[in-house]
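Q: Single-letter residue listing:
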Amino acid sequence: MAVADFLITLVTFIAIYSLFGIGLNLKFGFTGLIDFGHVAYFMVGAYVTVVLTLPADAATYGGIGGFDLPGLFAALGPLGSLFGWVLGVVGGMVAAALVSLAVGVPTLRLREDYLAITALGIATILNTVVKDEDWLFNGPYGISGIHKPLVDVFPLSLGSFTVNMAVFGLLSVAVFAYVAYWLVNRFREAGRTGRIAMAVSVGLVSLWYFVMPAIDGGTVELTKNVLWLFDPTAGPNGGLDYDRFVLILAVGFLAGGYHWVERTINSPYGRVLRAIREDEDVPQALGKETFQYKMQGLMFGSALAGAAGALWAVNIGFVSPDQFASTITFFAFTAVIIGGTANNKGVILGTTVFWAIRNGTRFIDVPSQYSIQLAAARLILIGAILIVILYYRPQGLLGEQDYDIDLPGSATGGSDDV
Amino acid sequence: MVDAGLLDAIVQGLITGSIIAGGALGLSLIYNIAEVPNFAHGDMITIGAYLALVFNNPAEIPFLPAFGSAPLPAAAIVGVVLAGALGAAYELTIFRKFRQKDADIITMVIVSLGLALVLRNVVLFLVGSKNIRYESASVSNTNFDFLVTGAGMTVRTTQRQAGDVVTTGLWGYPWWLLAGGLILATAVGYGVFRAYRREEGFDTVYLVPPKILGTAVAIATAIVLGALIQLAPQGTDPIVATRIGLSIKHLTIVGVVLAAMFALNVALKTTKFGRAMRATADNMDLAEVRGVDADRVQLLVWVIASMLAALAGVLTGWFATNLTPNMGFTLLLPIFAAVILGGISSPYGAVAGAMIIGVSMDVSVYLLPSHFATYRIAVAFLILIGVLMIKPEGLWGDV
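Residue numbers (UniProt numbering), protein chains in the order written: chain X, 1 to 418; chain Z, 1 to 399.
Simulated from the structure, these hints should not be mistaken for laboratory data. Note that the Cβ used here is the ideal one computed from N, Cα and C, for glycine as well. Treat the hints with care, since some could be wrong.
To be clear about the criterion: a stretch of chain Z counts as covered by chain X if any three or more of its residues have a C-beta under 8 Å from a C-beta of chain X, and this derived list gives those stretches [what the hints assert, rightly or not]:
1) 96-108
2) 114-126
3) 174-188
The calculated lysine-lysine pairs, modelled on DSS-like cross-linking and capped at a C-alpha distance of 30 Å, are [said to hold, decoys possible]:
4) Z:K249 with Z:K97
5) X:K345 with Z:K249
6) Z:K391 with X:K288
7) X:K345 with X:K148
8) X:K148 with X:K131
9) Z:K130 with Z:K249
10) Z:K269 with Z:K130
11) X:K345 with Z:K101
12) Z:K101 with Z:K211
13) Z:K211 with Z:K269
14) X:K131 with Z:K269
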């Protein structure tokens, strides 16, 4: 497997989990709700979207539905069935939000530590329900044969091999160029430690991505890695294959979710959420119904988790209750805290660091009988990083983000004292 | 053949409750005095169970030479002591530092979560994920059949020996004895309650609260009377019959947990350190002003709580006859439910909460259709949420 393929899988993962983490950040970072049951909404989003888009006559599925929304709009061509899938995603997000509403009504008034434990309990119970009730969503057998949006269109070919290579290759190079431009700008702004960290990590990644393949596989491998959007083996003339489309889709959703959350927390509405996090009594004294704000924050974050779940289902092509264990929530918490609580860029950075450690270590060669040891060692490392970061840098790598509107008299911009 | 009924479910629930109580005692200490909602408690239980395994059955652990096997009680004691040392390590290397930084409760939750991740994966790393069992003598169940007939009650005990069901005992109590025994037990219990109770005052501290002591004495009297006075069977043609399955193992588990609770109670109420711990729980700053060394108190809390967790781990592993790296984490939810239910500031409350959780879990499994057996933990949770809605400070307010 070429390094480019691995990177595409990894970045798709990171994009999906970042969307999940941004949902968590809205609850935990901005509103101050410790929702240890976040994975439940990931599960609800995934299952509801899958069931809404599943063909009615799906084999080996004995649960509710198969509502086949894409089939309903299939007469309108591929875009019609894409629209059907998007409707399914919206359905999944709404379902996740409604479930969190039902969870929030009794639990949101509790003390923060009680909220954490009850949320964890409810997520565990929901997972048990999905696992044990075969009539609901097929129980422990999971759902396979998931509808994948636009899967018939791919591999996308624009014409001859050369045209494909030129177009997709240029797009790939353009992405690299943009990333480089962005990195240079960040490098200029960063302080000394930031610069060193950036230089080392960019150096290591490019060594791994460009130099090592070039030494091992010569120019063929290097070309594959540079023109990563173009897959020469897809279809007769090469082209854009489905994995790369899922990557683009996931990054697109992430961008949408990021933008949406950014707009929210920079609005006066978001300022109330942050005020609740700092001291709930103050916004209450100013006449804000804090319970409603907390509930809306919870539902909003859950809806984003639901969207991430829908993407997860498309990416994996199979959902089963075991995929939604509570460890996923803890991973997301770790990612949010590593990157920087209450910082959406930090969530993406933290998720990247987390999954790079979690999946990147697969290149360490160990005999297969030690695979459990390797997996355990990674998680030990992650747990230790979590504690060390909380001690030495509790605000995370990036710290709390800046907000659009400064406070009167605050020269430095965004701060905690809202 | 007599079927197991509601009574058996209740007895099983008390055993489940004892196991939960073992964890809940330690967690309530940490929660209350160290003010850490310790999500690593489940994994501290796992660690304790595996520490005892090291001495009980080292052959199952891949990297250890098989250096022979200590009997389970001895291995358990060594494991519990080692777990205490680990508890000191958690406090000294992690939680003390965060406390010195005045970390808030959310940070403590997440730190304990990180510790949980580390502990569980250390077990996975060293031992792997296979099911392992303790090296211990197998214990056979004795079934107690209670047959209520026209003339009184007959008790029949049966045991499975070498594949056959053997009746090992048959005796009975006529109605007059049952009624008399119950009245006597109640009277003795009430008498103890009256004799022990003192004038209420803010400085009245009972070693055992009179109500609990009275109830315990009444139950003990009834059991002793029942065991001593065994008359002829009162017929074997029952109007109502029920069966309870028990073994020495179950009684040991209940006994060990009750003994641990009592020992903790004595330590908290009669020793200088116990008083320091209760003072710290009440108000840490005030306790420090009065010369309590808070760091030492916290260290002791973590040591004791880790030892209690390890004890719960050994009992769980023995009861369930296998050990897995996830065994503690699955117990975490019922334990938290028990601690919050009992009110986090009282060890008795924690045990009572654990018993309520355990009994309601097993009774609901008995009452609901068999399909719902997997929702045992969900039942514990529904109770917890219900209590939090109505009485957020727990069923019992303070010690």
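Q: If a hint holds in the structure, say so; if it does not, say that too.
A: Right, here's what the structure says about each hint:
1. 96-108: It holds: at least three residues are needed, and the stretch 96-108 of chain Z offers 7 whose Cβ sits within less than 8 Å of chain X.
2. 114-126: It holds, with 10 qualifying residues against the three required.
3. 174-188: violated (count 0)
4. Z:K249 with Z:K97: Outside the cut-off at roughly 41 Å; violated.
5. X:K345 with Z:K249: Cα-Cα ~55 Å, so violated.
6. Z:K391 with X:K288: 26 Å, holds
7. X:K345 with X:K148: At roughly 29 Å apart (the allowed maximum being 30 Å), K148 of chain X and K345 of chain X satisfy the hint.
8. X:K148 with X:K131: With a Cα-Cα distance of about 23 Å, the restraint between K148 of chain X and K131 of chain X holds, given a limit of 30 Å.
9. Z:K130 with Z:K249: 24 Å, holds
10. Z:K269 with Z:K130: Judged against 30 Å, a Cα distance of about 43 Å means the pair is violated.
11. X:K345 with Z:K101: 27 Å, holds
12. Z:K101 with Z:K211: 42 Å, violated
13. Z:K211 with Z:K269: Given pair K211 of chain Z, K269 of chain Z holds - Cα atoms ~17 Å apart, limit 30 Å.
14. X:K131 with Z:K269: 47 Å, violated
The structure is inconsistent with the numbered hints 3, 4, 5, 10, 12 and 14, although it conforms to all the rest.
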